[in-house]
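2 protein chains.
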Amino acid sequence: MSDRGFPIEEFRTRVLKAQTLMAKAGLAALLVTTEPDLRYFSGYLTRFWESPTRPWFLIVPASGEPIAVIPSIGAALMARTWIKDIRSWRAPDLVDDGVSLLAETLREVAGTSGVIGLPMGHESHLRMPLADYARLTAKLAPSVIGDDAGILRSLRMVKSDAEINKIRAACGIADRAFARVSEIAASGEPLDRVFRRFQMLCLDEGADWVPYLAGASEQGGYSDVISPATETPLAEGDVLMLDTGLVRDGYFCDFDRNFAIGATTEANNAAHARLIEAVDSAMQIARPGATAADLFHAMDRIVTGGAGGSDAGRLGHGLGMQLTEWPSLIPADQTELQEGMVLTLEPGIETGPGRMLVHEENIVIRASGAEFLSTPAGPHMPVLRGAR
Amino acid sequence: MSDRGFPIEEFRTRVLKAQTLMAKAGLAALLVTTEPDLRYFSGYLTRFWESPTRPWFLIVPASGEPIAVIPSIGAALMARTWIKDIRSWRAPDLVDDGVSLLAETLREVAGTSGVIGLPMGHESHLRMPLADYARLTAKLAPSVIGDDAGILRSLRMVKSDAEINKIRAACGIADRAFARVSEIAASGEPLDRVFRRFQMLCLDEGADWVPYLAGASEQGGYSDVISPATETPLAEGDVLMLDTGLVRDGYFCDFDRNFAIGATTEANNAAHARLIEAVDSAMQIARPGATAADLFHAMDRIVTGGAGGSDAGRLGHGLGMQLTEWPSLIPADQTELQEGMVLTLEPGIETGPGRMLVHEENIVIRASGAEFLSTPAGPHMPVLRGAR
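Just so you know, the sequences run in chain order A and B. Just so you know, this note's numbering puts 117 at position 117 of the first sequence, and the rest follows in order with no gaps. Just so you know, this note's numbering puts 284 at position 284 of the second sequence, and the rest follows in order with no gaps.
This is chain A alone, in the form it adopts within the complex:
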């Protein structure tokens, strides 16, 4: 039987939780416009969001089921989800690209006095043209659109068991792809070819698609962790880092692995072991009631001696329907960990001027502690000897 998608109860539960929080916050409706927010309530999964042309809307009323207000090109696929009230227009419409239909629907749902909540806080954005948003707010008056009171953040940050299983499946695929890196990487191979072939390994092991791959291969560590591949061949003594966010059934993993090309140095090994020690240190305190900041400090003590971090800005983050989600493992983030939160632990360590190593694992917070979702790496950096 297919393990794709979720039973309808999963979506009903999400909507009911949202409606409970909406009642507390005095919101007459929620309006969402981004891929993950829309999918969270509907299960609507398509790569068509890669096209920025058309806006998509979903409304969660104070009670009852969500309403989709979407381009007609997506109506057939939306009709295969649990959403029954689907209103569509033929987009793109250069004069009125869904704005009137959305305003009418919001008016019907929220009346003329209700506040409509829209995610406006950190890590959010509005996925519609700003000029159309201005038209929408003008049409809605005297109703107003306000902040969603953090409802999407608080709901999505805690994962259900079904979601955790999907993230675990994504991690398992990356685990298996990383175990095969010796098939594709050796001294002399251009880095961009290694990147292409690593993505092929991810797909071969079961990834639906591979939205993220970054990395580097340099001597004694790398200068940043977000670069695309250059054509430079891997060289003996390099540290090769591959950091992937692959997707299985709409959920991401996000972790990296480091490899020594041909040979390694004592300094590289010591830095790598320190990173593993930092992860272990965070794991020991990762449980409900600890904070995101606590995890930061546990790792920062190991990698900088408590200096307060680096230019990367954080030592981990939430993970789920997006490569990165709330919270952030930074000193300022006092978010309390809750059972069901899925996080990355991502300590970095300086290995020289403008040089670093970064290591990353994926974990889930359980009642009594944390569990790895990725298969944790050991302290010794694997050496790729080029026997291919």
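Simulated from the structure, these hints should not be mistaken for laboratory data. Warning: the hint list may mix true and false statements.
[As the list claims (entries may be wrong)] Ranges of calculated distance between the beta carbons of each label pair, as one might list FRET restraints: (1) 280/B with 385/A: 23 to 33 Å; (2) 204/A with 160/B: 35 to 45 Å; (3) 385/A with 182/B: 33 to 43 Å.
None of these values were measured; they are calculated from a predicted model. Just so you know, even glycine gets a beta-carbon here, dropped at the ideal spot from N, CA and C.
Go by the hints and put chain B onto chain A.
Only chain B this time, still in chain A's reference frame:
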């Protein structure tokens, strides 16, 4: 020698063109926040945009070079572009995530009386939290942020020869991958496995990554063209459609191919031949001075007899740094074609109730007519006989 990136002159030309249009529109600065807009002026290429956490900003002043206002995690990579003025903050910052730094920089560039242009029109969005945008506009007063007067649209819609070459390279990779579909698709293969393996073919043929793949395999045509893969095995007599947007050096192709699984029908073949006829009909009139609407009508006459289109909403669109760009091939889009515009021609035809075939090619507008960038398909739908 590497064909990656552009010479600095390319970026200088883009900036000068922008500044000419800004002077006409009375704009003191342009502010851009999305991946393609930022890359258009800077050459900054990274997959890190997959993480929605951090906002990124680039300012084009009325004269002089652009200024990047970005998270410190990206400063090293930005320093490898031609951008010299890079201002960064340690993001994420839960209190002030770049807003003050951006406001100060805009004040410095635009003074207190200038209007700052931001893309607000069709197909655009603002990639920063709405609450932070409100803080920004409050800090900037009495300066205001207004529409960019369509400057980004008009600039990016016309491609340079260097850009056209990159799109052609992406098309060539997809051409070669489509030529190998018989290696991976046959009756009995689950569609999701065909999708995974088709992405592997794209990577094997030189794609840097594969941001888009949609398609279907059904009898007598398919019900929509934006679905991800199901686990249903291909069946004798299916039409398999694969529609890919792969990226090479930051530029997309976007076209599809149809295949008959095992055997085909006269009806399928006739529908396919009609689609090719529609493409040819648009090619005959595609030259500077014709409009996007003209191309729509040329194809619509063939596929519906002139009924005015379908729920897909358009019969093609612009293409470049994004899978879909302006203009839209719809009756309402009177955009005049210009030399250097890259478009998709994407006619669809109804083959039964809720059933259609869609065919897509990529073209560039030249002074005397249009050229194919994809290798155009012939009228006969290829049959995959499963000899593997």
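Hint by hint, here is what the structure shows:
1. 280/B with 385/A: 23 to 33 Å: Given range 23 to 33 Å: violated, Cβ gap about 56 Å.
2. 204/A with 160/B: 35 to 45 Å: 37 Å, holds
3. 385/A with 182/B: 33 to 43 Å: Distance hint for residue 385/A, residue 182/B holds at roughly 37 Å.
Consistency with the previously given hints fails for number 1 only.
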